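Each chain, letter by letter, is given below.
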Amino acid sequence: MTTEKSTELRQELKAQIIQHLNLEGRTVESIADDMPLFDEGLGLDSIDVLELIVLMDKHYGVRIADPKQGRDVFQSVASMAAHIEANR
Amino acid sequence: MNGLAHTRYRNGHFTVDGKLFAEPTGSPDTDLNNAWSSLGIELPRFPRMDRSSKLVAIGGSAFFIEGGALAGHSKDTIGMVIMGTHGSMDTDLKYQTQLDADNHAGPGMFVYTLPNIAMGEFSIQHGLHGSGLCLLNNALDLAQMREACEILLHEHGMESVICGWSDIFADQATATFMVVTERTLADRNSAELEKIFNDH
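As you go down the protein sequences, you meet chains A and B in turn. Residues 1 to 88 in the numbering used here are what the first sequence lists, from first letter to last. Residues 1001 to 1200 in the numbering used here are what the second sequence lists, from first letter to last.
Rather than coming from a laboratory, the hints here were simulated on the basis of the structure. Please read these numbers as outputs of a predicted model, since none were measured by experiment. Every residue gets a Cβ at the ideal spot worked out from N, C-alpha and C, and that includes glycine. Any given hint could turn out to be false.
[Stated by the list, open to error] Heads up, simulated DMTMM-like pairs for lysine to aspartate or glutamate below, C-alpha to C-alpha not over 25 Å straight-line:
#1 Lys1075/B to Asp39/A
#2 Lys1075/B to Asp45/A
#3 Lys58/A to Asp1102/B
#4 Lys58/A to Asp1092/B
[To be verified] Far from chain A, some chain B residues (derived; all Cβ distances over 10 Å):
#5 Thr1030
#6 Tyr1095
#7 Gly1127
#8 Leu1142
[As the list claims (entries may be wrong)] So these bits of chain B aren't anywhere near chain A, every CB distance computed over 10 Å:
#9 Ser1027
#10 Arg1051
#11 Ser1074
#12 Gln1096
#13 Thr1113
#14 Asn1116
#15 His1154
Okay, chain B solo, but in the shape it has when bound:
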């Protein structure tokens, strides 16, 4: 544990600050549901959210539970920077499949066919009013993520930023989220941040 609040989902293991929060089952869908139950947060919409939104909800919500890094913080000054490769592709394909089969697809699925919806859903869920950036990249680009966080912190008046990598497609899902502030970014170089992302 390196002092920076973080959550991670790798190979079915969901951890909060390095501590295992939910056991892997071999199925990302079951893992997501189990991890959400472990957090104990009431959200009737959760079962109806797409998998990308669920992943962000789980990774980010851990910071808001009692004792979490952002519990009690002003909702107006919490920003978000989420990076991933597939964006909403997982849901886009399901939507297209349903459309091809039935000549109709549900609006409840349609609303998730944008990469930034997961962030929007999360912001609504927690009442966040801060600025956010959704970035699509082939691979994790920490320099770009750091730059985006600094923009939100320095130019948009954010006091803290939930930043991270979130990617889910077919049966592969990985996520790492952390909370950064001006101070934590100044105290840590990119290699230290990279360690959090890459440590399994």
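For reference, chain A alone in the conformation it holds in the complex:
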């Protein structure tokens, strides 16, 4: 179940992703919570992942310790938000 707080976090994350990754033409509304961040979704690449890792560390104090963990965490905004909520 999605709480109001986690909805807020997801919206905040979408805005930060757009700003940090300079996703021209993208709006918060155009990114679904479960939209894949890569390939056919947002079209992000491996360099963008590095930016997302820094974003999570800098803004939420959450680090990705194991590279394998990254695959699950960076599937979507929803998975990123879940990881932040569980670890901050």
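With chain A fixed as given, assemble chain B onto it according to the hints.
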């Protein structure tokens, strides 16, 4: 027009084979974005690329659009020779400025702090697997560029080479790219090639 496929960016004017492709706006950043839109190539990373990579992407991609000099060519035998003065200095300084201000700089910027990244980015974008050379010089040295192209053509099995000058720093940007083959190099002396680089 002298028959050699070429693109040029001078004083905000982006031309393909001498024809104006995008109007100047007075801002290199806006010019680069407008020129890219004019080419109509899908590349989500473009807005996040550094300016040097954008310049190479624009100048080189024009050869791959429909009807372009390299459209349909084997990606394994297209080489690249890019020469410039500042290399990645434009991005290096931005990186250092960000580092000084925030004690942190984004990895997305860090990856562009090498002069040859623009060529690498371009090769990934177009799936090129050929050989490449990135040369830093105070000024255009056509003899050296010609020699580098000949090495790629004669010793590395390249059938064609995208060669050119690409330089961007602060609010100054110039670029000229052309496609050469063994035949076009044999048919043209350095003075003819120089004319392409220097004609505004």
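Checklist entry - Can you name, in rising order, the numbers of the hints this structure does not satisfy? => result none
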